[in-house]
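Peer 1: Chain by chain, the residues run as shown.
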Amino acid sequence: MAQMNMKEAIRDAMRVEMKRDPNVVVFGEDVGNVGGVFRATEGLQKEFGEERIFDTPLAESAIGGLAVGLGIQGFRPVAEIQFVGFIYEALDQMFVQAARMRYRSGGRYNAPIVFRTPFGGGVKAAELHTDSLEGLAVQTPGIKVVVPSNPYDAKGLLIAAIRDNDPVFFMEHLNLYHAFRAEVPEEDYTVEIGKANVVREGSDVTIIAYGMMVHTATKAADELEKTKGIKAEVIDLRTLNPLDIDTLVASVKKTNRAIVVQEAQKTSGVAAEVIAQINEKAILHLEAPVLRVAGPDTVYPFAQIEDTWLPTPARIIAAVNKVMEF
Amino acid sequence: MSKVPYEVYTEEVEALSVLSPEGEIINKDKMPNLSDDQLKEIMYRMVFTRTWDDRAVNLGRQGRLGFYAPVSGQEATMVGSEFALEKEDFVCPGYRDMPQIVWHGLPLYQAFLYSRGHQHGGQIPEGVNVLMPQIIIGAQILHAMGIAMGFKLKKQKQVAITYTGDGGSSEGDFYEGLNYAGRFKLPVIFFVQNNGYAITTPFAKQTAALSIAHKAVAAGIRGVKIDGMDVLAVISAVQEAAELARKGEGATLIEAVTYRFRPHSLSDDATKYRTKDEEGEWNEKDPISRMAKYLEKKGLWTEEDTARVKEEAKAKVNEQIKKAEQTEKMTVPGLIDSMFETTPKHLEEQKADFQ
Numbered sequence: 001m002a003q004m005n006m007k008e009a010i011r012d013a014m015r016v017e018m019k020r021d022p023n024v025v026v027f028g029e030d031v032g033n034v035g036g037v038f039r040a041t042e043g044l045q046k047e048f049g050e051e052r053i054f055d056t057p058l059a060e061s062a063i064g065g066l067a068v069g070l071g072i073q074g075f076r077p078v079a080e081i082q083f084v085g086f087i088y089e090a091l092d093q094m095f096v097q098a099a100r101m102r103y104r105s106g107g108r109y110n111a112p113i114v115f116r117t118p119f120g121g122g123v124k125a126a127e128l129h130t131d132s133l134e135g136l137a138v139q140t141p142g143i144k145v146v147v148p149s150n151p152y153d154a155k156g157l158l159i160a161a162i163r164d165n166d167p168v169f170f171m172e173h174l175n176l177y178h179a180f181r182a183e184v185p186e187e188d189y190t191v192e193i194g195k196a197n198v199v200r201e202g203s204d205v206t207i208i209a210y211g212m213m214v215h216t217a218t219k220a221a222d223e224l225e226k227t228k229g230i231k232a233e234v235i236d237l238r239t240l241n242p243l244d245i246d247t248l249v250a251s252v253k254k255t256n257r258a259i260v261v262q263e264a265q266k267t268s269g270v271a272a273e274v275i276a277q278i279n280e281k282a283i284l285h286l287e288a289p290v291l292r293v294a295g296p297d298t299v300y301p302f303a304q305i306e307d308t309w310l311p312t313p314a315r316i317i318a319a320v321n322k323v324m325e326f
Numbered sequence: 001m002s003k004v005p006y007e008v009y010t011e012e013v014e015a016l017s018v019l020s021p022e023g024e025i026i027n028k029d030k031m032p033n034l035s036d037d038q039l040k041e042i043m044y045r046m047v048f049t050r051t052w053d054d055r056a057v058n059l060g061r062q063g064r065l066g067f068y069a070p071v072s073g074q075e076a077t078m079v080g081s082e083f084a085l086e087k088e089d090f091v092c093p094g095y096r097d098m099p100q101i102v103w104h105g106l107p108l109y110q111a112f113l114y115s116r117g118h119q120h121g122g123q124i125p126e127g128v129n130v131l132m133p134q135i136i137i138g139a140q141i142l143h144a145m146g147i148a149m150g151f152k153l154k155k156q157k158q159v160a161i162t163y164t165g166d167g168g169s170s171e172g173d174f175y176e177g178l179n180y181a182g183r184f185k186l187p188v189i190f191f192v193q194n195n196g197y198a199i200t201t202p203f204a205k206q207t208a209a210l211s212i213a214h215k216a217v218a219a220g221i222r223g224v225k226i227d228g229m230d231v232l233a234v235i236s237a238v239q240e241a242a243e244l245a246r247k248g249e250g251a252t253l254i255e256a257v258t259y260r261f262r263p264h265s266l267s268d269d270a271t272k273y274r275t276k277d278e279e280g281e282w283n284e285k286d287p288i289s290r291m292a293k294y295l296e297k298k299g300l301w302t303e304e305d306t307a308r309v310k311e312e313a314k315a316k317v318n319e320q321i322k323k324a325e326q327t328e329k330m331t332v333p334g335l336i337d338s339m340f341e342t343t344p345k346h347l348e349e350q351k352a353d354f355q
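Chain order of the listed sequences is S and U.
One point on numbering: in the numbering used here, the residue at position 158 of the first sequence is 158, and numbering is uninterrupted.
One point on numbering: in the numbering used here, the residue at position 110 of the second sequence is 110, and numbering is uninterrupted.
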């Protein structure tokens, strides 16, 4: 076991897969020589050469199209979109061309692509660097959406994503790259896509979250236990499409109460979908409506107010209190 | 290379022709090396394609085809450019480019199924190196670029060719694709069929560039402009581009000046934006009659040959449209199973609504 932060775990996943499979190629803006603006691919070009990992000219749609073309040729492209807001330039290639390749060709072709991108708030970045755009992706048929919350999951999920024969949108929370270190096996292993994880067990209320919000939710849960004796279960979705509804339902059947926390804007997002599915599968087990703690329906704010815009432990606690007292 | 003063300039280029409108070879240097049998085969394919187009328009009116983009007038660019390539080369078509992928190996009934909105239309047989027709204008340009990079990384000598029109040459993807191809020196041919109109918008309103071929300059790749009503010029230019690409000398942008004799689609009315005079002028340049004149003079083709091919084409179209019509309908559960390699549970459950 080694101690790694999430960025190092992500890099290690790419290294393991590039070693194992010569068809894995990595490219994007600045990823080659210096290893990306966050150094997530640092050292890989030295190890694997410029044919396996290279810098592209600055054009995101072309990065997407290149990935689609290479996928048809039997490669397993790992394409980095430098910041989440830049996916807007690549939406057709990601969400149409890659996501529909299997369907349009009746299974003759596929798009075994990972689109990696950093996202997520709290780091005082420039505009369009930190938005949570997973809602666009989960509305798109044909592409899986994965959001790790810790180094172990990040490595295992990224390896699983690279081996997946369908496109995966892999969102890496900026605030987690260097947040903490954890034990990560040096060998290869996978964390199954489509499986949520109970990160904190509890019997009174279920808090469902993903990405950075798993940690914010855990903080709130600890506080609730300490101050009020409320035992909150925290579930990390890990994959947003396909959703692991079974794990959520099992938890709700136990706790009878739930809230969903997301950084993204409140309306019509992942949280709304989670609640809809809980209604479909477990409504008779609910003692209270499932509430959302989310960003307001505005654009992601300039840095000055992002800390108040993002969900906080206090807002999560308030929502838990509401469902407890319902 | 000598340098000119600081202002970048370019000059107009004359389109390459090999055959005159009268069917004479006017550019021996650029005459592709083709056997008599090959010349006859090219003619066969052009006449076949014209007949198929005539029939397809009728089938569309009868409701037996769905979306169909007519091709008459563009037989030289479509048949010629594909003929100039090898079976191992990869074709990335736009929505009008059915003839190229059919001549490259897609069974005709599947082309009809595609038009009828059946998934099997896009189920390209193994060993046929083509993509499905692209609807998002320009997206295929990037796929061809990526496929070409695949050939390069695998150290294979194949090339990718992609097609778009004068309208497509204004898309961002067009510029991005050319630029990447230049940067990575990729074995790809960007073939623009400039047929004068992007649906209704004339070429004059599309760009202020001297030509589409000039756009290659900015990307650092080769650009050529050819007479798209001259199948021998088309073959010459594509062969040359493919040869350079196979030698590792990178990409070529080919602008072929052509004309679609019919409207954009079966629901378009070309009389709203084109004059009868203009259509008449282009009809005079018909690529099929030009080639026929050349071959007739060489004693390789007669009017009877044309009549024979038309009959063959009609029979083949009839047989293939019937095959398309008899193909089992798609189902929603089948569609669900084509979204991912393994259908996830929530989608599996959604099948219940359709069983």
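Worth double-checking, as some hints may not be accurate.
What the hints assert, rightly or not - Quick list of the computed label-pair ranges, beta carbon to beta carbon:
| id | chain 1 | residue 1 | chain 2 | residue 2 | range |
| --- | --- | --- | --- | --- | --- |
| 1 | S | Gly-74 | U | Lys-87 | 13 to 21 angstroms |
| 2 | U | Asp-36 | S | Asp-188 | 35 to 43 angstroms |
| 3 | S | Asn-321 | U | Glu-349 | 28 to 36 angstroms |
| 4 | U | Gln-156 | S | Gly-107 | 44 to 52 angstroms |
| 5 | S | Ala-250 | U | Glu-88 | 49 to 57 angstroms |
| 6 | U | Glu-126 | S | Ala-314 | 41 to 49 angstroms |
| 7 | U | Ser-267 | S | Lys-281 | 43 to 51 angstroms |
| 8 | U | Glu-349 | S | Glu-325 | 52 to 60 angstroms |
These are calculated hints, taken from the structure and not from any lab test.
Note that the coordinates shown come from a computational prediction; the quantities given were computed from them, not determined experimentally.
Glycine residues also receive a C-beta, built at the ideal position from the N, C-alpha and C atoms.
Peer 1: Now tell me if each hint is right for this structure.
Peer 2: So, going through the hints one by one against the coordinates:
no., hint, result
1, S:Gly-74 / U:Lys-87: 13 to 21 angstroms, "holds, 18 angstroms"
2, U:Asp-36 / S:Asp-188: 35 to 43 angstroms, "violated, 60 angstroms"
3, S:Asn-321 / U:Glu-349: 28 to 36 angstroms, "holds, 34 angstroms"
4, U:Gln-156 / S:Gly-107: 44 to 52 angstroms, "violated, 24 angstroms"
5, S:Ala-250 / U:Glu-88: 49 to 57 angstroms, "holds, 53 angstroms"
6, U:Glu-126 / S:Ala-314: 41 to 49 angstroms, "violated, 59 angstroms"
7, U:Ser-267 / S:Lys-281: 43 to 51 angstroms, "holds, 45 angstroms"
8, U:Glu-349 / S:Glu-325: 52 to 60 angstroms, "violated, 34 angstroms"
Checked against the numbered hints above, the structure breaks hints 2, 4, 6 and 8 and satisfies the rest.
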